[in-house]
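Sequence positions in the sequence shown follow full-length UniProt numbering and run 1 to 691.
Derived from the structure by calculation, the hints contain no laboratory data.
Misleading hints may appear alongside valid ones.
Said to hold, decoys possible - Beta-carbon label-pair distances, calculated as ranges:
#, residue 1, residue 2, range
1, Met-612, Phe-409, 57 to 65 Å
2, Asn-128, Asp-607, 29 to 37 Å
3, Asp-231, Thr-130, 40 to 48 Å
4, Val-412, Ala-176, 29 to 37 Å
5, His-480, Val-613, 40 to 48 Å
6, Leu-133, Gly-407, 25 to 33 Å
7, Val-261, Ala-106, 26 to 34 Å
8, Ile-57, Asp-607, 26 to 34 Å
9, Ala-176, Met-280, 56 to 64 Å
Yeah, the Cβ is synthetic: ideal placement off N, Cα and C, and Gly gets one too.
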Amino acid sequence: MLADPSGRQIWGPNGVGAGVSYGALFDTGNFVLANRNAAVLWGSFDQPTDTILPTQIVKRGTELISKYSSTNYSTGRFKFTLQNDGNLVAYTTFYPQTGSNFPYWAGNIAGNSVNFNKSGNVFLSSANGTILLYLFTNKEPTQDLHQRLTIDHDGVIRLYAYPKQSSPSAGRRWPAEWTTLSFMPEDNICGLMRDNTGSGACGFNSYCQIEDAQFPKCKCPQGYKFLDNSDESRGCLKTFPPQDCSSAGKEEGLFDLVEMVNTIFPSGDYEYYESISEDMCRELCLSDCLCDAVTYERASCWKKRAPLSNGYMDQENTGKTLLKVRRQNSTSTADKENDRSKKLMMTAGWVLLGSSVFVNLLFLVASCPWRNKNRMMSQVADDSDEATALSTNLRRFTYREMESATGGFKQVLGSGASSTVYKGVLGERSGGNVAVKVLDKLPERDGHDVREFATEVKIIGGTNHKNLVKLVGYCNEGQHRLLVYEFMSNGSLADSLFGGGAFPRPNWYTRTQIAYECSTQIIHCDIKPQNILLDEGMIARISDFGLSKLMKADQTRTTTAIRGTKGYLAPEWFRNVPVTAKVDVHSFGIVLLELVCCRKNFLLDFDKEEEMVLVDWAYDCYSRGKLYKLVEKDVEAMEDLKKVERFVKVALWCIQEDPSLRPGMKKVVHMLEGAVPVSEPPDPNSFMSAV
């Protein structure tokens, strides 16, 4: 047992009486208690907390319960359990009690056990050992990595890996930290965690939004603040007085509705209207002192009163929330009455003051904002940067250091619509070669911009994934905003596939490995060969992850419009329809075809007109049973036509015009690996033909 300094027991194994002779920690991570005959009386694998390890088996009736936060290891709000009926389910709980509340993921098939085998695969199996459902499939060499599956404090179930020091994994350099290999559920977990009652994923008056790598983030709407800054899941409070119902007519003009696009609060409706305009919906809320918000979608209007609950943002949400907030520089009626009394007293006081004192006081008051303006801006930047540096492993550079490291920004590695990348050298002690991205078309700076840049850098720097280019530092000085990344010695995938000899073209085996590595389940919104970099071991790393939040909205539109419908963008970018994570699936499908064929998607000066557009040519070759034409100049690929066919079929499914026909990235991974069969894909353009 474990005891505190006074000898009081704070933990002990369940069901173990006398007779324990010793404890042992096996190489698998299983800690056991045994008697003198070496018979195991108790094992930690039988009573997991929030984590399971390779070789561990989860039986019916066993549950994993998350910790409360990243630093609080007490019982949390989420549970992952194999129920007694065999259904594998993830629940929210009646926190602080552990009773099950609302299932946000379910396997929907009865199994006997969850198995985490030595190969790193996690699956639900029947009593006779038949695999019923794969939760995670592993492509990495297990002899080189420690692995674990954990239900984290945010409710996401993640598969992690940590490198073994003695095994370099065939030249691959893994960071010395736990890296996310995969996660579930792959859908927006914020939208899945909707309770019929209660506050939802993030507490009352707040909303949940997915950040990078499927991390749910709790946020307060405009005009609200966190109830507890150390625990964002507890919800938010208003920062302004509510509308006074005793004088609703007088206060009606003191409030506005702020728009929260793609954000809804499904619960808390008290009135519903249909077939009305958005302006009418706004007016109905502004004139109602009990209304705190309205949701408007497709000519329907739902009035809501506080506390708001179950709020979440999702690009698939076609509705919007209009949140009532008090206008700036306005006060409630009660406050105005108090202010009137105060003003009378203040007037009398001013009359009693001498004119010389009055002038001096005015001079002092007028000079304060001028003296503090520059100091405040500097303090905002310093505070934001210090917080970012302390909360991440990122290094904060000065602009002069960046000028020195890049030799005056001389060697250009690449450029885009909103940035230029230069090669830099920090020295062996500081990390050697780096790539310095200069963001040159960002919004005008004010206190909000400074803090927002620091926040986004913190998010990008805190995202660790084996297939993302790692951010090692940043510069946030004056008008200069720079990001410092690890240097990728083999350039981009575009350089290797289309570069004309600057980098060697990867062979068929290497291209298949790159395809596996690029199919990681992360939302990027700009997957293309130029954003896929190759390190010294030809391992694919995706760059520019998370930078869309640092760009102006109109820049994003301008950049994407230039590429046209035959580029990497999904068709829905150019239509008046919601854009979802399926846009990345479409982009990946184009890249996958380019990997197979070693050519660009569109070749304007190509001799054969029928081969100018790779998507059309690939489907034509597939439908006529002539896939060999795609790789006839590649000896290795010609000897592996079964895999060529599988990859092309997966790509054709990914690039379907209809987003609903595209598989999720998790299924794409399984199809590429051959873990699930790939059915016959239809013509990618058949949806448009039908329209």
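Each hint tested on the structure:
Taken as a hint, the range 57 to 65 Å is violated for the pair Met-612 and Phe-409, whose Cβ atoms sit roughly 38 Å apart. Take Asn-128 and Asp-607: their Cβ atoms lie about 58 Å apart, and the range 29 to 37 Å is violated. As the Cβ distance of Asp-231 to Thr-130 is approximately 44 Å, the hint placing it in 40 to 48 Å holds. Distance hint check: the CB atoms of Val-412 and Ala-176 are about 32 Å apart, consistent with the given range 29 to 37 Å.
Separated by about 42 Å at the C-beta atoms, His-480 and Val-613 satisfy the suggested range of 40 to 48 Å. The beta-carbon spacing between Leu-133 and Gly-407, approximately 55 Å, falls outside the hinted interval of 25 to 33 Å. Checking the proposed 26 to 34 Å range against Val-261 and Ala-106 shows it holds: the Cβ atoms sit about 30 Å from each other. Taking the beta carbon of each, Ile-57 and Asp-607 are about 60 Å apart, not inside 26 to 34 Å as hinted.
Separated by about 59 Å at the C-beta atoms, Ala-176 and Met-280 satisfy the suggested range of 56 to 64 Å.
Hints 1, 2, 6, 8 from the list above are not met by this structure, while the remaining hints are.
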